[in-house]
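**Student:** First to last, the sequence lines map onto chains A and B. Heads up: the first sequence begins at 1 in this note's numbering, then just goes up one per residue. Heads up: the second sequence begins at 1 in this note's numbering, then just goes up one per residue.
Keep in mind the hints are simulated off the structure, nothing from the lab. For clarity, every value in this text was computed on a predicted model and none was experimentally measured. Keep in mind that a hint or two might mislead.
Here are the simulated distance ranges between beta carbons [unchecked claim]: (1) A/D182 / B/S203: 30 to 40 Å; (2) A/L23 / B/L175: 33 to 43 Å; (3) B/S334 / A/A352: 54 to 64 Å; (4) A/D182 / B/S334: 27 to 37 Å; (5) A/R147 / B/A235: 34 to 44 Å; (6) B/G69 / A/I185: 31 to 41 Å; (7) B/S334 / A/T406: 25 to 35 Å; (8) A/D182 / B/D149: 23 to 33 Å; (9) A/D182 / B/A235: 25 to 35 Å; (10) B/L146 / A/Q449: 51 to 61 Å; (11) A/E4 / B/L146: 52 to 62 Å; (12) B/G69 / A/G176: 25 to 35 Å.
We put the CB at the ideal spot given by N, CA and C, even for glycine.
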Amino acid sequence: MATEILMPALSPTMEEGTLAKWLVKEGDTVASGDILAEIETDKAVMEFEAVDEGVIGKILIPEGTEGVKVNTAIAIIGGEGEDMSAAPTIETSAAESPAVPAPAPAAPPTTPVAFEPAGPDAPDGTGMTPATVREALRDAMAEEMRRDETVCLMGEEVAEYQGAYKVSQGLLDEFGAKRVIDTPITEHGFAGIGVGAAFGGLRPIVEFMTFNFAMQAMDQIINSAAKTLYMSGGQMSVPVVFRGPNGAAARVAAQHSQDYAAWYSHVPGLKVAMPYSAADAKGLLKTAIRDPNPVIFLENEILYGRSFDVPVLEDFTIPFGKARIWREGTDVTLVSFGIGMHYALEAADTLAEEDISAEVIDLRTLRPIDYSTVIASVMKTNRCVTIEEGFPVCAVGNHLSAYIMTHAFDYLDAPVLNCTGKDVPMPYAANLEKLALVTTEEVIDAVKQVTYR
Amino acid sequence: MAARNTTTKSAAKPGVSAEDLLKHYHDMLLIRRFEEKAGQLYGMGLIGGFCHLYIGQEAVVVGLEATAGEGDKRVTSYRDHGHMLACGMDPKGVMAELTGREGGYSKGKGGSMHMFSKRKHFYGGHGIVGAQVPIGAGLAFADKYLGNDRVTFTYFGDGAANQGQVYETYNMAELWMLPVIFVIENNQYAMGTSTRRSTMSPSYWERGAAYGIPGEEVDGMDVLAVKGAGEKAVAHCRAGKGPYILEIKTYRYRGHSMSDPAKYRTREEVQKVREERDAIQHVRELLLTGQHAGEDDLKAIDKKIKEIVNEAAEFSKASPEPEASELWSDIWASA
Chain A
1 MATEILMPAL SPTMEEGTLA KWLVKEGDTV ASGDILAEIE TDKAVMEFEA
51 VDEGVIGKIL IPEGTEGVKV NTAIAIIGGE GEDMSAAPTI ETSAAESPAV
101 PAPAPAAPPT TPVAFEPAGP DAPDGTGMTP ATVREALRDA MAEEMRRDET
151 VCLMGEEVAE YQGAYKVSQG LLDEFGAKRV IDTPITEHGF AGIGVGAAFG
201 GLRPIVEFMT FNFAMQAMDQ IINSAAKTLY MSGGQMSVPV VFRGPNGAAA
251 RVAAQHSQDY AAWYSHVPGL KVAMPYSAAD AKGLLKTAIR DPNPVIFLEN
301 EILYGRSFDV PVLEDFTIPF GKARIWREGT DVTLVSFGIG MHYALEAADT
351 LAEEDISAEV IDLRTLRPID YSTVIASVMK TNRCVTIEEG FPVCAVGNHL
401 SAYIMTHAFD YLDAPVLNCT GKDVPMPYAA NLEKLALVTT EEVIDAVKQV
451 TYR
Chain B
1 MAARNTTTKS AAKPGVSAED LLKHYHDMLL IRRFEEKAGQ LYGMGLIGGF
51 CHLYIGQEAV VVGLEATAGE GDKRVTSYRD HGHMLACGMD PKGVMAELTG
101 REGGYSKGKG GSMHMFSKRK HFYGGHGIVG AQVPIGAGLA FADKYLGNDR
151 VTFTYFGDGA ANQGQVYETY NMAELWMLPV IFVIENNQYA MGTSTRRSTM
201 SPSYWERGAA YGIPGEEVDG MDVLAVKGAG EKAVAHCRAG KGPYILEIKT
251 YRYRGHSMSD PAKYRTREEV QKVREERDAI QHVRELLLTG QHAGEDDLKA
301 IDKKIKEIVN EAAEFSKASP EPEASELWSD IWASA
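Can you make the complete structure from the sequences, with help from the hints?
**Tutor:** Below, the structure written as structure tokens:
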């Protein structure tokens, strides 16, 4: 009985991958547990094992094929002695996958988001090149490490493994084991070592595999890093960057899916950046590494693979505390940051079709926060909706609402509404997870409420 | 506690000069008188909050500081006044920080538990039990990275020695061969909990063996024993052989902090240590019996120290409170 072998999902966020290498050929007999192929995901090259035993009848996807969608049939396996040479290809699923290896680099997973309106981040006429957020972060670290000998990177799997999410790919090769340091799985300890190294004259980048694990290191981040400059009367600055993915990935449930934006934004002495686009990821991370203060740099696993235009500049940095207006509008102001921008922009597109003109602001940094851009926009549109993935109680949006009420009360034609994640630990079930996250529909509904449509 | 080395044994150590002994005597006595004065000012309401006195433990930091070279670093817990004085920080600046005044090391914004001096390579003054341990290893990490031969003295108590982050740090320190000396000041009480009631294996230094870190137990009431062990540890670190653990058995005469009634031990227990094992008295005897100094010489030192401490106290009272604008400064460093 012939069965299809399907392209496996080998990480929570994997949607497609490269069939790097077949380790079996047609006619081979395989047993359960035998390695069939090497598959390159967005994070790593993984070995793919056989579940069933049988004979490899037909290989449907040749090795070297990129962009093979998860669940595409990649081979047919039959029982011992079955003649599979004439087995038909499975048209329905195979049709979706490329028939031949792609000779050129695969297209970015999503269409590049245009760097429009051209903000003042880069001079007019600057060339643009598409890059994923992952590449942008890597490039930012590499550029800063070339520029400053005291910059080093430490964390779990950052060196030999090339980063749990491949963000540090290639850095060990270029900078060596002295500057790219694999740590044991001891967040509390290595966060403290990072703080001490910053006291001692280095500029460490401390990577948390995810910010969920940084709770183990919270005391060092808050008590040792954030407060020392103040407690020392200005003597001891702590130039350390704590970075890593933050917020929900996909189907990793409550302990791996929390957005810490509001937590860190609460603490004086920290700086907090939470980029959405690749250009911002690059420009802000370079700024973070040069900053003499502890910086919390909140990335997002789902955004790692997204492509955006990045300015082609030798030294592209973005100052902290400067929001970016992604889209100008007149009827309502949407304020967001990080992956929340995805929902904000999607909602703005839909609203435009209904003749509601939304201005979309990406805060980019939460400490310092660019209040003036928000207030100026609210004074123009008279309405505001905030969007974030975190929990609703004491959310960043709550703070913005209070700020807007205090500073632009007379300009408001409606209450400020906050779209957030739901007030529940992140559930595992796919349907419940969707319900727990903020959605584009909720943003659209909120806009309709404040515009009385 | 291991039997105390006899004074004659210490005195017989070669290479101990009268000058060294006099300096140790001076430095230990300065700490004691300073702390007594701090206790007094606390009682007068001039010092607030938590104030953890070092009285009884003076030989630990004085013995180790005698082995430190220029550029070597030190970091400790909230019981930090002695460490600051021993590394040469100005008693006036320390006392004025205790009183929360502008002239304090942190401009009055840190207080007793949070003081720093970049110039003297004193990296705090940390209020969270055990947090200074990875920080100390991080300082050593920086020195190794920068390619110098500095060592970092990382002090913590027997209470902190049970913190998880200490063992995370031991592992990384040995893994990366960091030039850090872990100094466990075992004064036998984690606040009010004796080591007997808190710790299954009371020999803290032996825990380093699990990570391949050598170490030893030292009589912390004998400044020369501390200095001897410190020299060994410093040589080990400077030679690039990685971390070293010194468990220094000591005793705190006062409560955990000023507000501690110390009901967890008897008055007799404290009195017995004071009378029989006091570290300052020990050096005093060495000086007198070795005829390195006479009573008059020691009286002169006492007098000089009294002046230094009084001057510090006067400064700490005269220095104004910080300007209200200081509330908003030093939150972020400018690039």
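**Student:** Give a verdict on every hint.
**Tutor:** Hint-by-hint comparison with the structure:
A/D182 and B/S203 have their C-beta atoms about 32 Å apart, which keeps the hinted 30 to 40 Å range intact. Taking the beta carbon of each, A/L23 and B/L175 are about 35 Å apart, inside 33 to 43 Å as hinted. Checked against the given bound of 54 to 64 Å, the beta carbons of B/S334 and A/A352, roughly 42 Å apart, lie outside it. For the hinted restraint 27 to 37 Å between A/D182 and B/S334, the CB-CB distance of approximately 34 Å keeps it satisfied.
Between A/R147 and B/A235 the Cβ separation comes to about 37 Å, which falls inside the hinted range of 34 to 44 Å. Checked against the hint of 31 to 41 Å, the C-beta distance between B/G69 and A/I185 comes to roughly 35 Å, which is consistent with it. Checked against the hint of 25 to 35 Å, the C-beta distance between B/S334 and A/T406 comes to roughly 27 Å, which is consistent with it. Against the hinted window of 23 to 33 Å, the Cβ-Cβ separation of A/D182 and B/D149 comes to about 25 Å, which satisfies the hint.
Taking the beta carbon of each, A/D182 and B/A235 are about 30 Å apart, inside 25 to 35 Å as hinted. Remark: the range hint 51 to 61 Å for B/L146 to A/Q449 is upheld by a beta-carbon distance near 58 Å. The hint said 52 to 62 Å for the Cβ distance between A/E4 and B/L146, and at roughly 58 Å that hint holds. Separation of B/G69 from A/G176 is about 29 Å and conforms to the stated range, judged on CB atoms against 25 to 35 Å.
Violation of the numbered hints given earlier is confined to hint 3; every other hint is satisfied by the structure.
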